[in-house]
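There are 4 protein chains.
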Amino acid sequence: MARKLRFGVLGAGRIGKIHTENLTNRIPGAEVTALADPADAEREAVADRYGIARRFVDYRDLLDLPEVEAVAICSPTNLHYQMIVDAAARGKAIFCEKPIDLAIEKVRAANDEVARRGVPMMVGFNRRFDPNFLKVRETIAAGKVGAPQVLRITSRDPGPPPEAYIRASGGLFLDMTIHDFDMARYLMGSEVAEVYARASVMVDPVFARAGDWDTAVITLTFENGAYATIDNSRKAVYGYDQRVEMFGSGGMVTVANNTPDAQILCDRAGIHTALPLHFFLERYAESYVREMQAFVDAAANGTPVPVGGEDGFKAASIALAVAQSVRENRPVKLVEIYEGMAPACQIS
Amino acid sequence: MARKLRFGVLGAGRIGKIHTENLTNRIPGAEVTALADPADAEREAVADRYGIARRFVDYRDLLDLPEVEAVAICSPTNLHYQMIVDAAARGKAIFCEKPIDLAIEKVRAANDEVARRGVPMMVGFNRRFDPNFLKVRETIAAGKVGAPQVLRITSRDPGPPPEAYIRASGGLFLDMTIHDFDMARYLMGSEVAEVYARASVMVDPVFARAGDWDTAVITLTFENGAYATIDNSRKAVYGYDQRVEMFGSGGMVTVANNTPDAQILCDRAGIHTALPLHFFLERYAESYVREMQAFVDAAANGTPVPVGGEDGFKAASIALAVAQSVRENRPVKLVEIYEGMAPACQIS
Amino acid sequence: MARKLRFGVLGAGRIGKIHTENLTNRIPGAEVTALADPADAEREAVADRYGIARRFVDYRDLLDLPEVEAVAICSPTNLHYQMIVDAAARGKAIFCEKPIDLAIEKVRAANDEVARRGVPMMVGFNRRFDPNFLKVRETIAAGKVGAPQVLRITSRDPGPPPEAYIRASGGLFLDMTIHDFDMARYLMGSEVAEVYARASVMVDPVFARAGDWDTAVITLTFENGAYATIDNSRKAVYGYDQRVEMFGSGGMVTVANNTPDAQILCDRAGIHTALPLHFFLERYAESYVREMQAFVDAAANGTPVPVGGEDGFKAASIALAVAQSVRENRPVKLVEIYEGMAPACQIS
Amino acid sequence: MARKLRFGVLGAGRIGKIHTENLTNRIPGAEVTALADPADAEREAVADRYGIARRFVDYRDLLDLPEVEAVAICSPTNLHYQMIVDAAARGKAIFCEKPIDLAIEKVRAANDEVARRGVPMMVGFNRRFDPNFLKVRETIAAGKVGAPQVLRITSRDPGPPPEAYIRASGGLFLDMTIHDFDMARYLMGSEVAEVYARASVMVDPVFARAGDWDTAVITLTFENGAYATIDNSRKAVYGYDQRVEMFGSGGMVTVANNTPDAQILCDRAGIHTALPLHFFLERYAESYVREMQAFVDAAANGTPVPVGGEDGFKAASIALAVAQSVRENRPVKLVEIYEGMAPACQIS
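Residue numbers (the working numbering), protein chains in the order written: chain A, 18 to 365; chain B, 18 to 365; chain C, 18 to 365; chain D, 18 to 365.
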């Protein structure tokens with residue numbers, strides 16, 4: 018039996034459980050040997066279920082274990098920065114859920130610290146590893162649609178999160194659309210130069226109370242001259258709607274939503290098929306396995322991680338520009354965001 | 018045999034032939050009794066084929082025939098205005114191809130003249146009568162998608178028109194997207210308040226030479242608060258791509274492209290189906306019949322036409338605003354267009 | 018204007034009206050100059066609508082008109098034989114609706130008479146001219162599915178015909194499945210050697226009272242060794258279900274049903290699309306135009322008709338064999354049918 | 018951590034590996050504590066990979082372990098019978114891959130022995146647990162297609178197995194179609210009364226040399242009066258084709274094939290989508306997990322297994338009848354098979 022990369026998982030919540038399950042049962046080259054979470058019940062339940070011996074209230078105690086080679090940071094966003102800094106200081110390979118931080122300065126600082134310590138860090142833009150989007154990326158990269166011209170992304174949730182989540186989320190663009198910004202960069206193979214967006218509250222007044230939006234349409238202009246449109250909603254009654262379409266000089270590629278079954282029912286009323294898989298846990302189950310496998314492979318072989326801190330920084334910067342565009346109802350160049358940052362955060 | 022509405026057709030070109038064919042063979046309540054076109058060969062060929070006895074070089078001679086009750090204006094755009102004015106003066110019911118004119122002032126003037134003369138005038142936004150879009154409109158109107166929130170329209174031609182056509186066309190937005198602007202108003206059931214657009218030349222430098230664009234992404238904000246995105250290209254190598262999708266509080270409705278056949282071929286290389294119908298003559302063949310039937314019914318019964326001069330004016334105004342938005346890279350309110358007009362063209 | 022082939026139509030019922038409409042308005046090279054039907058009201062209504070001057074109670078008077086070059090036989094089946102014989106005697110080109118006759122001996126006799134008189138006769142297996150099935154045939158003929166191995170045909174009506182129709186129809190196989198037998202021969206490019214079938218009454222006891230069946234599954238074995246399965250029902254609540262699928266050594270080709278629109282509606286309950294076009298008048302509207310165009314072209318040019326009397330004879334023979342197989346619950350070879358015939362009907 | 022059902026796996030080949038993987042990593046209530054296989058390399062590789070401590074050359078030694086509560090019989094078919102008898106004698110819960118045996122008498126004898134010992138035995142008709150077919154079954158059971166009338170099953174392999182496999186397989190019907198026979202019973206909810214089938218060699222002469230067939234079309238008549246057609250091929254160049262369609266008085270339900278991705282690529286040549294998942298390991302991966310979960314649940318709770326020895330016996334009996342029908346080219350009643358059996362095998 019080949020040696021396994023030993024993981025400490027920081028956080029036993031929803032996403033922490035997913036990564037623990039995958040590292041334990043689905044990824045041959047990894048194992049979870051330690052788990053940290055201040056919430057006793059959750060920590061013990063997860064550790065019991067997966068037979069994890071070392072359990073900690075304070076994640077720093079976990080980081081002190083020399084046998085832990087890699088960490089999966091699955092804590093609330095406001096803890097990411099410090100955990101990254103502390104893990105990097107102890108030389109651990111780092112997998113961190115998105116976003117790195119809600120403050121772009123801290124994203125940059127975390128990236129700088131990781132670079133200084135020379136540890137690998139991968140950011141959890143899991144959708145890149147979804148079999149459908151991966152296939153689309155390969156098709157584009159193989160030149161099958163020619164030069165990219167217009168990308169369309171539709172991303173709609175089945176329903177809004179709880180108010181407390183909304184208030185801590187950083188808003189629609191940093192919480193939800195950030196995945197689409199990363200997807201747009203990934204599929205386009207070019208950087209965003211300028212954005213324009215409209216957003217409003219159509220779904221639920223809770224978003225207005227939180228100073229947030231629930232519906233948006235966004236135009237991105239890329240450095241290569243191509244465009245992307247993104248439309249978001251916090252509530253599609255027919256379920257989680259996740260589609261991309263790339264149009265180019267040589268053709269067009271798109272993907273249908275995934276469904277729980279392929280049944281077609283014909284009755285007097287019409288022809289009926291299944292709604293999309295409920296939400297991200299179902300829709301992206303396979304992508305979570307594949308992204309962690311990619312991290313394990315990179316960490317084990319010393320090769321570059323496929324999605325790094327810079328990707329997290331770029332997606333967050335686009336989110337900031339988009340929010341500013343909505344507030345000011347004007348196109349915003351990414352360079353405006355970068356110039357407004359502290360020197361350390363600027364793109365040279 | 019019920020009496021038939023007697024038509025004079027003005028113009029024996031591509032679209033003139035379509036309307037002559039439909040009025041002669043597909044619409045029971047109509048007949049073409051006169052045809053005018055200064056081009057001898059085309060006029061005589063069409064008149065011979067459809068057995069049209071009265072043939073004219075000058076359309077005004079046709080208009081002088083008392084037995085002609087209705088005219089179908091199928092001439093080049095720059096002739097529309099005068100033909101409308103002359104036909105209205107002689108009390109003919111008018112069907113006019115889109116756009117009414119490239120100059121918004123003349124659109125307004127034509128509409129005013131038609132109103133003053135009290136004749137019916139229908140504008141050829143044939144896509145409203147396409148069975149697919151008609152069905153979508155009915156679905157939205159029946160409330161099956163709830164309150165409209167985000168409309169997406171994709172409209173791509175199979176290839177660019179000749180340079181001469183481009184130079185006389187009024188540009189991408191007045192020539193091609195104008196159909197999408199009308200479709201957006203039709204499906205949304207609300208007026209456009211503001212636009213933002215990006216456009217460039219990705220397909221063929223001929224568009225740049227003509228001061229035109231071939232690729233665009235457009236955001237419309239409606240008075241009801243909803244949004245629409247439109248993306249256009251003058252060249253989709255896989256053919257004529259005509260899709261709409263309305264997302265609302267109660268669901269989503271969309272239509273697939275029409276294809277010449279429903280064959281599915283499975284071989285070693287994959288599963289293959291047909292490309293969309295080639296271009297508008299094939300794709301919208303049925304819509305041309307239905308729109309003319311609607312005009313004939315309205316003219317025969319004295320009921321209002323389903324698409325009037327005001328619809329032509331509105332779509333053209335949106336096109337102007339969009340062109341201005343591209344040139345200035347900023348959102349443009351429709352009220353800016355209206356305020357910049359001569360008083361007669363303003364929306365009170 | 019090119020000279021038009023002058024038609025006399027025999028029968029002003031449902032199918033007579035279709036052919037009159039197509040010959041008058043859809044097929045440039047033809048015109049209907051005479052119509053015969055003993056039913057005064059129907060004859061006069063159709064003749065008025067299409068401006069047909071010559072009208073006859075007795076079809077023989079129509080046949081006596083020298084200017085009539087071709088006839089379309091659209092009468093009840095029991096009149097086909099005599100009309101064919103009489104039309105052939107007067108040298109008319111003949112288009113005859115299927116089936117030629119319910120008695121195989123009379124089918125053979127009609128074919129013999131047509132051959133003796135040297136006139137062209139085409140049988141109305143219109144489905145061969147349906148754009149979908151035509152495309153499938155081309156795909157098979159082009160070798161894209163390799164050597165044919167298994168053909169599947171599903172053919173289901175939206176609902177049973179009236180009892181009087183059933184009693185005069187010749188039964189499920191001669192009335193309904195005969196189209197599928199012709200389609201099977203057409204797509205397979207080989208003759209049927211043996212059949213086996215099961216049939217029963219599942220839809221409506223009216224079929225049992227008429228000594229008929231409403232549901233069947235049929236296996237055909239072809240001379241080339243390949244198989245076909247056909248399943249029929251007189252009632253599919255979701256509408257007219259017309260599908261074929263050819264599986265071969267190089268792939269598989271199939272067609273989806275045609276629908277009135279391409280709308281996709283997503284709501285809380287699922288994803289919904291349209292049912293198939295209602296019944297044969299809608300589903301095969303285009304095929305009626307194309308088959309008659311093919312007949313007109315053949316008659317005008319003196320080239321062979323694409324579907325002749327022999328095709329009618331073969332399909333009827335298969336129908337007889339299938340009925341015998343059901344009654345005796347055993348495989349029946351086509352040679353049994355041929356051997357049981359009077360010498361004139363045998364396949365040499 | 019809840020107690021886990023302790024499994025011994027008999028056989029470390031392809032299917033043994035699948036069940037070991039699932040029992041170890043995918044099914045929370047089970048664990049594999051022992052593995053038996055006479056092939057040293059395979060046994061040790063699998064045991065190492067999954068950390069299985071107890072390893073045996075002779076399966077009887079494994080059966081002697083008191084801590085083993087259940088066995089998964091994944092050996093070649095000719096060993097199933099004795100393993101079942103020996104496992105039953107030691108009171109183990111038994112999961113056995115299909116078919117139980119190639120000789121119907123031994124199938125019956127195994128079932129009798131299991132009944133006499135009072136142990137649960139489940140047979141590996143995994144397709145019943147495929148999410149698509151499960152959904153179809155639920156739809157039928159819920160009455161959404163009304164009374165079943167015609168079932169169609171298409172089952173085609175991507176390519177033939179090796180000659181040695183063919184020779185030991187029991188032939189097309191016992192090896193491959195047996196799954197379809199079980200599926201037909203499962204979906205129809207009725208027993209087969211009579212069969213008729215045609216079969217031949219169209220794919221590869223190796224089947225003829227082995228006295229087997231590679232292509233078949235089968236008609237089943239059920240006790241409830243409904244029909245099923247099954248068509249099989251050992252080679253579909255476009256991949257593993259697994260479809261079912263149930264037509265009934267209230268509608269029709271079917272399922273599309275599963276594909277590795279949902280990509281749609283449009284280029285000049287057409288619209289292209291993915292071929293089906295390669296073969297049964299990919300297509301039915303999820304069904305293997307779910308069937309074993311069902312067995313574990315039944316064994317742990319003492320509830321009846323969802324697919325028992327009687328199901329294995331019925332499917333094998335249909336296979337025998339079908340083979341006889343092909344050899345004699347006549348319909349064969351199931352009662353003929355049962356009457357030809359030794360008394361112990363007869364259906365009372």
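Treat the hints with care, as some may be off.
One copy or any two copies: either way a pair holds, since identical chains are not told apart in the list.
Claimed, not checked - No farther apart than 30 Å at their CA atoms in a straight line, the calculated lysine-lysine pairs in the DSS-like style are these:
1) Lys21 x Lys350
2) Lys21 x Lys252
3) Lys161 x Lys252
4) Lys331 x Lys21
5) Lys34 x Lys161
6) Lys152 x Lys252
7) Lys123 x Lys161
By construction, these hints were calculated from the structure, which means they are not laboratory data. All of these numbers come straight from a predicted model, not from anything done at the bench.
Given a CA cutoff of 30 Å, do Lys34 and Lys161 count as a within-copy pair, a between-copy pair, both, or neither? Cα proximity of Lys34 and Lys161: none, with 38 Å in one copy and 38 Å across.
Check Lys161 against Lys252 for me: Cα-Cα at most 30 Å, and say if that holds within a copy, between copies, both or neither. between (34 Å within a copy, 16 Å between copies)
When no copy is named, should Lys21 and Lys350 be tagged within, between, both, or neither for a Cα gap of at most 30 Å? For Lys21 and Lys350, the Cα distance exceeds 30 Å both inside one copy (45 Å) and across copies (59 Å).
One pair to classify: Lys152 and Lys252, alpha carbons no more than 30 Å apart. Within, between, both, or neither? both (27 Å within a copy, 24 Å between copies)
For the identical chains here, do Lys123 and Lys161 meet the 30 Å Cα criterion within one copy, between copies, both, or neither? The answer is neither: 39 Å in one copy and 46 Å across copies each exceed 30 Å.
How would you label the pair Lys21, Lys252 (within, between, both, or neither) given a Cα cut-off of 30 Å? Neither. Shortest intra-copy (41 Å) and inter-copy (41 Å) distances fail the 30 Å Cα cut-off.
Intra- versus inter-copy proximity for Lys21 and Lys331 (alpha-carbon distance at most 30 Å): neither (32 Å within a copy, 47 Å between copies)
Hint compliance for this structure: hints 1, 2, 4, 5 and 7 are not met, and every other hint is.
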